[in-house]
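Student: Protein chains in written order, with numbering that gives the first Met the number 0: chain X, 0 to 298; chain V, 0 to 413.
For the record, the hints were derived by calculation from the structure and aren't laboratory data.
Careful: at least some of the hints might be erroneous.
[What the hints assert, rightly or not] If you only want the chain V side, here are some residues facing chain X, beta carbon under 7 Å, derived:
#1 ILE5
#2 SER211
#3 SER219
#4 SER220
#5 VAL221
#6 SER222
Model, not experiment: these values are computed from the prediction.
Ideal placement from N, C-alpha and C gives every residue a C-beta, glycine not left out.
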Amino acid sequence: MTLRLNHVTKKFGSHTAVNQLSLEIPEKQIFGFLGANGAGKTTTFRMILGLLQETEGSISWNNGEIGYDQSHLIGYLPEERGLYPKMKVRDQLVYLAKLRGMNKSDSLKELDYWLDRFKVPDYKTKKVEELSKGNQQKIQFISAVLHKPKLLILDEPFSGLDPVNVEMLKEAVVDLKESGMSIVFSSHRMEHVEELCENLCILHHGTPVVHGRLKDIKRSFGKKNVRVKADFDTEFLKRIPGVTKYKAFGEGCNLQVESEDISQKIFTELNGKGFVRSFILEEPSLNDIFIEKVGASYE
Amino acid sequence: MNKFFIMVGHTFMNRVKTKSFLITTLVTLILITALSNIQTIIETFSGEDEAKKVALISDNDEWSSTLVEMVAANDAFTLERVDQSLEEAKQAVKEGTYESVVKITSGEDGLPKADYYAEQIASTENSEPIKQALQQIKVEMATEEAGVDQATLQQISSPVTFNTIALEESAKSEAELAQTRGLVYVMLFLLYMSVIMYGSMIATEVATEKSSRVMEILISSVSPVSQMFAKIIGIALVGILQFSLILLVGYLGIQQGGGGSIMEGFGLSNIQGSVIAYAVLFFILGYMLYATLAATLGSLVSRLEDAQQMISPMIYLILAAFFISIFGLNAPDSTFITVTSYIPFFSPLIMFLRVGMLDIPVWEVILSVGVLVGSIALLAWFGARVYSGGVLLYGKSSSFKDIKKAMQLSKKEG
Chain X
0 MTLRLNHVTK
10 KFGSHTAVNQ
20 LSLEIPEKQI
30 FGFLGANGAG
40 KTTTFRMILG
50 LLQETEGSIS
60 WNNGEIGYDQ
70 SHLIGYLPEE
80 RGLYPKMKVR
90 DQLVYLAKLR
100 GMNKSDSLKE
110 LDYWLDRFKV
120 PDYKTKKVEE
130 LSKGNQQKIQ
140 FISAVLHKPK
150 LLILDEPFSG
160 LDPVNVEMLK
170 EAVVDLKESG
180 MSIVFSSHRM
190 EHVEELCENL
200 CILHHGTPVV
210 HGRLKDIKRS
220 FGKKNVRVKA
230 DFDTEFLKRI
240 PGVTKYKAFG
250 EGCNLQVESE
260 DISQKIFTEL
270 NGKGFVRSFI
280 LEEPSLNDIF
290 IEKVGASYE
Chain V
0 MNKFFIMVGH
10 TFMNRVKTKS
20 FLITTLVTLI
30 LITALSNIQT
40 IIETFSGEDE
50 AKKVALISDN
60 DEWSSTLVEM
70 VAANDAFTLE
80 RVDQSLEEAK
90 QAVKEGTYES
100 VVKITSGEDG
110 LPKADYYAEQ
120 IASTENSEPI
130 KQALQQIKVE
140 MATEEAGVDQ
150 ATLQQISSPV
160 TFNTIALEES
170 AKSEAELAQT
180 RGLVYVMLFL
190 LYMSVIMYGS
200 MIATEVATEK
210 SSRVMEILIS
220 SVSPVSQMFA
230 KIIGIALVGI
240 LQFSLILLVG
250 YLGIQQGGGG
260 SIMEGFGLSN
270 IQGSVIAYAV
280 LFFILGYMLY
290 ATLAATLGSL
300 VSRLEDAQQM
310 ISPMIYLILA
320 AFFISIFGLN
330 APDSTFITVT
340 SYIPFFSPLI
350 MFLRVGMLDI
360 PVWEVILSVG
370 VLVGSIALLA
380 WFGARVYSGG
390 VLLYGKSSSF
400 KDIKKAMQLS
410 KKEG
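All chains should be built: construct the whole structure from the sequences, respecting the hints.
Tutor: And the structure:
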């Protein structure tokens with residue numbers, strides 16, 4: 000049930016939205032798509048779902064293309080949220096689940112579970128237009144998972160939610176993965192991807208710039224961050240060979256070093272210079288990696 | 000296929016449950032009931048003011064008595080000869096004693112002439128019978144003076160005998176033609192109304208799903224083609240429900256009014272079965288063609304407000320078809336009608352008109368139906384592609400340029 004994208008390219012006229020994207024998305028894991036707006040995330044999802052035809056390359060899942068005969072195995076949360084505004088939550092979710100091949104009694108049972116889980120059981124008989132944006136998004140999320148799909152595609156699932164609801168949805172996503180669902184999701188928030196995904200891909204103008212296991216990506220990147228807080232001027236540190244970046248802040252500095260070993264050299268240099276409040280060796284963040292690979296700041 | 004029927008059911012129920020549907024259906028039914036009982040209603044109202052009287056002022060006893068006698072058969076009012084001056088009588092009209100006053104005098108030629116006074120002269124309900132009766136008196140007098148006897152007079156005024164006989168044996172008889180004309184009228188209005196009402200309903204349905212963005216979930220669940228046809232069939236069921244209700248209520252109304260069977264009620268008592276079969280066939284095909292067009296156009300709209308504007312070409316097409324067929328009712332065998340009976344958007348109405356009113360070879364009908372079915376298939380194929388691309392297309396403006404963009408979205412090369 001691995002989802003494979005093989006040299007997929009999508010062109011709209013002269014504009015290339017996705018360029019030579021090759022991916023392997025393992026099952027029962029969470030896979031993250033990162034990229035700025037317009038990077039090609041939604042286009043990729045639409046191609047996976049068969050809503051758009053790829054210009055070149057091929058996509059396979061379960062040893063075939065994803066067609067309408069498999070729609071009961073797929074869950075989709077589109078980036079552009081939308082439900083029938085005038086329909087009651089229950090009626091509309093049951094209808095959408097029916098279209099995904101789930102019968103009414105099962106879908107009602109699942110609906111109760113999810114509404115309880117999101118602490119909104121009284122929304123069942125409300126019209127969607129009466130709900131706030133954030134709560135509409137919860138309902139939309141339920142519509143994507145109600146029929147217990149095998150592959151769940153979430154396009155920016157956390158955008159526009161308050162922190163409490165983001166946590167609630169994150170927990171739900173992790174639980175769904177535990178129950179054996181393969182989940183692909185996109186975000187422009189690095190920290191969400193870092194927190195949830197084992198594998199990821201960073202798209203920049205339609206081209207994958209980083210792709211692989213989060214741990215491997217970080218390890219192969221090699222560089223580390225050092226954060227120093229001290230009561231004296233630390234500017235001399237940037238002249239140490241192996242320090243690639245130096246940025247001072249209020250009471251110390253952030254350094255990027257080529258390898259772990261350099262950090263120890265810094266540690267020795269600091270010795271005897273004065274009072275050191277803290278010395279931390281950190282893994283690079285995805286944001287650091289992105290900036291390095293793309294050559295520009297991400298956000 | 001199962002999902003198809005779920006969507007058909009959803010479209011149907013969603014529509015039937017709306018307030019606008021309930022209200023329009025109810026209003027139509029009330030109107031139909033009112034129309035079929037119009038006689039009773041008018042009688043109820045007119046029964047109250049039976050004291051309608053028209054005053055007659057005249058010096059001539061003979062004219063007066065003949066006139067009163069002739070108008071006596073009319074129960075809308077009574078004519079009463081009064082012995083008053085004109086001014087007095089006018090005053091009486093103002094006071095309401097009389098509805099109006101008519102003064103008959105002798106003209107220079109010795110023949111009667113009349114002046115009719117009423118508060119309002121918009122209604123000819125009272126003046127017209129008096130005028131006609133007086134006319135008759137005048138004709139009789141004038142002819143008598145000229146020495147023409149009654150028998151000759153009758154001969155002059157009776158209409159000429161004029162029979163039209165078709166030479167082709169299978170041509171429609173006069174009576175048949177009149178009935179077909181009736182049926183063509185009914186069909187014309189039905190198709191015209193259906194296209195306008197249900198066509199815009201379909202476009203609105205599609206536009207609603209698109210503007211609320213629920214569309215992307217839908218097309219990831221079910222193919223655009225079956226979605227499109229589920230809409231078309233679902234709305235067709237709504238139409239069937241609405242028409243059945245109207246027919247049923249109309250039928251009951253006519254029966255209560257003492258009319259015969261439903262066909263007689265519409266003046267279609269002995270219409271040929273084949274004509275009705277053709278009517279059903281062309282109606283279904285016509286609906287399918289226009290409905291597919293409506294769904295295609297609806298899928299190009301980003302905002303609900305643009306839906307009506309987007310379907311205007313469809314409205315123009317059905318309007319054109321409507322006017323051509325009105326023209327064709329009087330000249331069904333003209334070349335113009337023959338040609339237009341093969342053009343897809345006109346043929347449902349015009350080919351039916353020809354089949355009903357002329358005796359045309361079967362192959363011509365088959366050809367026209369073939370062209371129609373072919374265009375429906377072509378439009379469905381084209382529509383499905385525009386639909387699947389169009390539903391992903393969101394722009395500021397909804398225009399026909401978007402058709403190209405939509406086609407691009409749905410094809411490989413992009």
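Student: Does each hint hold? Answer for all of them.
Tutor: Hints versus structure:
1. At about 5 Å, the closest approach between the beta carbon of V:ILE5 and any beta carbon in chain X falls short of 7 Å, and the interface hint on this residue holds.
2. Interface hint at V:SER211: satisfied, since its Cβ lies 5 Å from the closest Cβ of chain X, which is below the 7 Å cut-off.
3. Interface restraint check: V:SER219 against chain X, minimum CB-CB distance 5 Å, threshold 7 Å, status holds.
4. Annotation: interface hint on V:SER220 holds; nearest CB of chain X at approximately 4 Å, less than 7 Å.
5. Interface restraint check: V:VAL221 against chain X, minimum CB-CB distance 6 Å, threshold 7 Å, status holds.
6. Given hint, V:SER222 at the interface with chain X, holds; its Cβ is 5 Å from that chain's nearest Cβ, closer than 7 Å.
Taken one by one, the earlier hints all hold for this structure without exception.
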